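Q: Line order of the protein sequences matches chains H and E. At position 28 of the first sequence (counting the first as 1) the number is 28 in my numbering, and the numbers step up by one without a gap. All you need for my numbering is the position in the second sequence, starting with 1, plus 198.
Hints listed in this document are in silico derivations from the structure and should not be mistaken for laboratory results. From a predicted model like this one, the values you see are computed outputs, not experimental measurements. Do not rely on the hints blindly, as some may be mistaken.
Claimed, not checked - Calculated cross-link-like contacts (lysine-lysine; reagent style DSSO-like; alpha-carbon spacing at most 27 Å):
id, chain 1, residue 1, chain 2, residue 2
1, E, 247, H, 16
2, H, 85, H, 16
3, E, 247, H, 198
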Amino acid sequence: MAVTMEATPFGMPSRKFAMWLFIIADAATFAAILFAYGYARLASPNWTRPFQFWPTIANGLVMTVVLLTSSLTMVGASTAARDGKQPLALRWLGATVVLGLVFTALHVSEWVTMFGEGWSTATNPLGGSTLVGGTFFIITGLSLLHVIAGVVALIVIAGGYRRGRWDASYIETTGLYWHFVDVVWMFVFPLVYLLNAK
Amino acid sequence: MAWIGAMLIVAIEAWLAYAHLSMGVLVGSFLVLAIIETVVALRYFMNLKYEPPALFWTLIPGLVFALLMLNHVWPDAIRVSALRFP
Numbered sequence: 001m002a003v004t005m006e007a008t009p010f011g012m013p014s015r016k017f018a019m020w021l022f023i024i025a026d027a028a029t030f031a032a033i034l035f036a037y038g039y040a041r042l043a044s045p046n047w048t049r050p051f052q053f054w055p056t057i058a059n060g061l062v063m064t065v066v067l068l069t070s071s072l073t074m075v076g077a078s079t080a081a082r083d084g085k086q087p088l089a090l091r092w093l094g095a096t097v098v099l100g101l102v103f104t105a106l107h108v109s110e111w112v113t114m115f116g117e118g119w120s121t122a123t124n125p126l127g128g129s130t131l132v133g134g135t136f137f138i139i140t141g142l143s144l145l146h147v148i149a150g151v152v153a154l155i156v157i158a159g160g161y162r163r164g165r166w167d168a169s170y171i172e173t174t175g176l177y178w179h180f181v182d183v184v185w186m187f188v189f190p191l192v193y194l195l196n197a198k
Numbered sequence: 199m200a201w202i203g204a205m206l207i208v209a210i211e212a213w214l215a216y217a218h219l220s221m222g223v224l225v226g227s228f229l230v231l232a233i234i235e236t237v238v239a240l241r242y243f244m245n246l247k248y249e250p251p252a253l254f255w256t257l258i259p260g261l262v263f264a265l266l267m268l269n270h271v272w273p274d275a276i277r278v279s280a281l282r283f284p
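For reference, chain H alone in the conformation it holds in the complex (with noise of 0.2 Å):
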């Protein structure tokens, strides 16, 4: 018996269009919370500033230069399986899990400096609004976590694909979500990391 298949939506794989879907209410979710963040701010009088050019700022900007570098080498994995280079493109992809990893460790070393200075979420050793913690450990936490969730995904459709099992059109759609979690970060360095400077 013949089977007629509905056509996928805008012509794409599925898995694709419910990644833009997916994209779609993440970003929405990250607005909501920067928006949250903006208007605390605006009603907090007693802000505070703690970041200094050395190190927080400083260690902002590399972690945006590796985010920033892992979006390009996500194209070259998406390129090369694309163009049926699987050696290649699984080197490009094994290049993002590493900048990936260096961005998780640079963020981690910085929320323990934090930490050991006093800050958390509910305090603030300067003195000031405890909003300041609050906000900065909730944005950046989340940001962090879609960073570590994007590590494992690279790690596990490279598996898949270096055995076969999956084509080049997984390695895209994982590539979607990666520069999505980049484009975050471009909201989220200005906005909590440069607002917040000395």
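Starting from the known structure of chain H, fit chain E onto it as the hints suggest.
A: Quick look at chain E alone, frame taken from chain H:
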């Protein structure tokens, strides 16, 4: 090229942060630069320019509308938080 442009924008943002601008100008500049980076990433990294235009028109205007509505609701949250029972 897109990567170099994004790096340039990050450098401009870092310079602006120490240029002693008013908070309003600084926030506005950061948002404009971040939106430019987002457009670059959407077009050249996420290849939105190669997707059917219907995808863009289905997803992005709805998101912008939702964000505008969020911006409309949050100031009211501040007003409500200041209310006290009589």
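Q: Of the numbered hints stated earlier in the document, which are not met by this structure?
A: Number 3 - this is the single hint that the structure violates.
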